[in-house]
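Residue numbers (the numbering used here), protein chains in the order written: chain E, 1 to 115; chain W, 1 to 110.
Since the hints were derived computationally from the structure, they do not count as laboratory data.
Check before you lean on any hint, since a few could be wrong.
Derived Cβ-Cβ restraints for the label pairs, each shown as a range [claimed, not checked]:
#1 E:Q64 x W:P10: 12 to 22 Å
#2 E:E1 x W:L74: 17 to 27 Å
#3 W:E3 x E:E85: 35 to 45 Å
#4 E:Q64 x W:D77: 43 to 53 Å
#5 E:S27 x W:K42: 15 to 25 Å
Derived pair list, reagent style DSBU-like, types lysine-lysine, alpha-carbon separation capped at 30 Å [to be verified]:
#6 W:K79 x E:K57
#7 E:K83 x W:K79
#8 E:K42 x E:K83
#9 W:K42 x W:K2
#10 W:K109 x E:K57
#11 W:K2 x E:K42
#12 W:K97 x E:K83
#13 W:K97 x E:K42
#14 W:K79 x W:K45
#15 E:K57 x E:K78
#16 E:K83 x E:K57
#17 E:K83 x W:K109
#18 W:K2 x W:K45
#19 W:K97 x W:K42
#20 W:K79 x E:K78
#21 E:K57 x W:K42
Away from chain W, derived, C-beta distances all over 12 Å, residues of chain E [to be verified]:
#22 Q41
#23 E85
#24 A93
#25 T105
Note that CB positions come from ideal geometry on N, CA and C, so glycine has one too.
Chain residues, written in single-letter form:
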Amino acid sequence: EPEVTQTPSHQVTQMGQEVILRCVPISNHLYFYWYRQILGQKVEFLVSFYNNEISEKSEIFDDQFSVERPDGSNFTLKIRSTKLEDSAMYFCASTWGGDSGYGYTFGSGTRLTVV
Amino acid sequence: RKEVEQDPGPFNVPEGATVAFNCTYSNSASQSFFWYRQDCRKEPKLLMSVYSSGNEDGRFTAQLNRASQYISLLIRDSKLSDSATYLCVADMEYGNKLVFGAGTILRVKS
C-alpha cells in the first residue's frame, strides 16, 4: 500500500534554531498538507498546498513557517526560529482529489522537541 | 462552539460488545466526513468515509445526518485490537482543510 514518508522521525532542536521537516507524499497525489498535534491535544491543520502554492493556511501558520515542494517528490515544512511551543508531532498528508472524498493518507510523523 | 465535537470517553467495553460514538459539527457547509483511528503516538489512519446514505465496512457502520449535523460510528463485536482513539473529521473547505475532533478513547478488555 502506498505510503507518505516523513523524515526525521524525531528531531530535537534548540529554541531559535531553524528546522526543516521533510515529507514524500504518495506519487500520484496532488494535494499536500501539514498538520500538527501537541501532546495530549487534537490534530490541528497548518497548511494545504496545491499546484505549487499554498491553498489555505491556519492562524498557527505565521511568518515563521514556510512550505516548499523543491522537486517532484519532496514536500518540506520549515520553521525559521523555533519556539518551545512548537514542540509537537508534525504530520504530512496527501490526497488525490481536491474534494477530499477520497480521504487523506498521513505520514507517520516527525516528533519535534524544542529545548 | 467547537467545530467538531466528540465525547472524549473513555469507553471501556468487553470484547464482543457493540459500541457507538457520536460527533457533531458546527459548519453546515462542511463537505466530507471521515472517521480516523489513532493509536498512541501514531499517525491518524483512515477508518472510513461517511456518507448520508450510511456505509458499512465489516464490523464498522458510519452514518451522517446533515440536517442534525451529526455523525456516528458503530463498532460491532469489539476486538482487543479496536482499542484506540477514534477521530471524527470534517472537511471544511473542499479538500483544503480537515478539522479534527479531539477524539474518543475506546478500550476493549478481555
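For each hint, the structure was consulted:
no.: 1; hint: E:Q64 x W:P10: 12 to 22 Å; in the structure: 36 Å, violated
no.: 2; hint: E:E1 x W:L74: 17 to 27 Å; in the structure: 25 Å, holds
no.: 3; hint: W:E3 x E:E85: 35 to 45 Å; in the structure: 21 Å, violated
no.: 4; hint: E:Q64 x W:D77: 43 to 53 Å; in the structure: 48 Å, holds
no.: 5; hint: E:S27 x W:K42: 15 to 25 Å; in the structure: 23 Å, holds
no.: 6; hint: W:K79 x E:K57; in the structure: 38 Å, violated
no.: 7; hint: E:K83 x W:K79; in the structure: 41 Å, violated
no.: 8; hint: E:K42 x E:K83; in the structure: 19 Å, holds
no.: 9; hint: W:K42 x W:K2; in the structure: 24 Å, holds
no.: 10; hint: W:K109 x E:K57; in the structure: 41 Å, violated
no.: 11; hint: W:K2 x E:K42; in the structure: 12 Å, holds
no.: 12; hint: W:K97 x E:K83; in the structure: 25 Å, holds
no.: 13; hint: W:K97 x E:K42; in the structure: 15 Å, holds
no.: 14; hint: W:K79 x W:K45; in the structure: 17 Å, holds
no.: 15; hint: E:K57 x E:K78; in the structure: 14 Å, holds
no.: 16; hint: E:K83 x E:K57; in the structure: 19 Å, holds
no.: 17; hint: E:K83 x W:K109; in the structure: 40 Å, violated
no.: 18; hint: W:K2 x W:K45; in the structure: 22 Å, holds
no.: 19; hint: W:K97 x W:K42; in the structure: 20 Å, holds
no.: 20; hint: W:K79 x E:K78; in the structure: 41 Å, violated
no.: 21; hint: E:K57 x W:K42; in the structure: 24 Å, holds
no.: 22; hint: Q41; in the structure: 8 Å, violated
no.: 23; hint: E85; in the structure: 19 Å, holds
no.: 24; hint: A93; in the structure: 8 Å, violated
no.: 25; hint: T105; in the structure: 7 Å, violated
Checked against the numbered hints given earlier, the structure breaks hints 1, 3, 6, 7, 10, 17, 20, 22, 24 and 25 and satisfies all the rest.
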